[in-house]
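Chemist: Full structure from sequences and hints, please.
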Amino acid sequence: MNDFSFWVILSNLLLATRWTVLLSFVAFVCGGLVGLALLFARVSKIPWLEAATRYYIEFFQGTPLLMQLFLFFFGVALLGLEVSPWLAASLALTFWTSAFLTEIWRGCVESLPKGQWEAGETLALSYTEQMRYVILPQAFRIAIAPTVGFSVQVIKGTALASIIGFVDLTKAGTMLNNATFRPFLVYSLVALIYFALCFPLSWYAHRLERQHNVAR
Amino acid sequence: MTYKLQFAELLPYWDILLHGLIFTIVLTVISTVAGIAVGTAGAAARTFGPKWLDPIVAAYVEIVRNTPFIVQLFFIFFGLPAAGVKLTETTAAFLAMVFNLGAYSTEIIRAGIEAVPKAHIEAGESLAMSRLQILRWIVLKQAFQKVYPALASQIIIVMLGSAVVSQISAEDLTYAANYIQSRNFRAFEVYLVVALLYLLLAIAARAILRGVGRIIFPKA
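Chains as they are written, first to last, in the working numbering: chain C, 1 to 216; chain Y, 1 to 220.
Mixed in with the good hints, there may be bad ones.
[What the hints assert, rightly or not] Okay, derived cross-link-like pairs now, DSBU-like style, lysine-lysine, Cα gap no bigger than 35 Å in a straight line: (1) C/K45 - Y/K146; (2) C/K114 - Y/K146; (3) Y/K141 - Y/K118; (4) Y/K51 - Y/K146; (5) C/K45 - C/K114; (6) Y/K51 - Y/K141.
Honestly, the hints are just simulated from the structure, not real lab data.
Nothing here was measured: the structure is a model prediction, and the numbers come from that model.
Modeler: Structure below.
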């Protein structure tokens, strides 16, 4: 009996893990795209555009992710649209991720010597050409380690989507706990699965960081 | 059909918001102090402690850093009672916060300790300072000065993360928001106002931490 329910719990948690992985993937990819667009605005040297991006980042970095999820969940409904937890969670996590990635990548861009921009300018490259051919290829190498590191934060962030009703790993844990009354076992397994998802990424980010420091 | 935002509907509930705000501030302040104490102990144990302690502290740090805060909270609040440790929502919230920040600050402070030059420790030894004196006056002082900005931003991350304790009914600011929107059904307005309150908290905390930094580490 005990053995049976252990496997039922584990298999159900693993099935729900698919949704955690999928939501993390969507948030990371979409957040990365939005973040890249914002990066162009953030270092554009156009004052109002830079300021607008700064406020955007300030809002998403300065408020709890949970509040952002609530705002998207209830806010999209105000526009008269049918809103699913899946949509609200993807939107909120995308914007949240984009704010952090923009700020990480800005740091990488600004760590490059100013002469790189000036060299691009002397060659009569436009702003987008300078970014595309001179700045981003160099910034990319510095950015890999912290970006991989941040993906761990995204996976952990998706756990909050459970609160607005998205059935991910955390939500499945809550439901299974309610059904089986074995919280110690259920939440240990939930934590273990998150650890199995996150630790390889943390480890890889750490290794990349060390390699990068050696290369310099 | 267009929806009209009605913020006036929040006014009758100001005392509930205030109560939640104070809870969140107290929760953050106490867990900051306790969490950094845990972190200092953890970092000292990893760098100066006995060998057998190192993997235990390392495991603690990695487990906390690679699992979501909400799962840690649920484990403490729902899981531990099953193992015989009964906790109230408030105690569980405090415990989870300290447990979480303790791990992050262990790692941050350890990085600071490792950046202290070996020669400084040797200089202390040649002055016949005891191990504890060297730790206190040479190692930790410099380590904290180096990692203070990282520690400050981690404190703010933890404060924003504390919104999750509302899920075990600890009566923080988010709990107040949930309560109010269940009464007046103005969910968007409530969450917008509370999100802005968190933003103000974060900005204020950043300013306070910067000021404190200037006092503790003049000319740093």
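Chemist: Evaluate each hint against the coordinates.
Modeler: Each hint, compared with the structure:
1. C/K45 - Y/K146: holds, 31 Å
2. C/K114 - Y/K146: holds, 27 Å
3. Y/K141 - Y/K118: holds, 14 Å
4. Y/K51 - Y/K146: Holds, at roughly 25 Å.
5. C/K45 - C/K114: holds, 13 Å
6. Y/K51 - Y/K141: holds, 24 Å
Against the hints set out earlier in the document, no violation occurs for any number.
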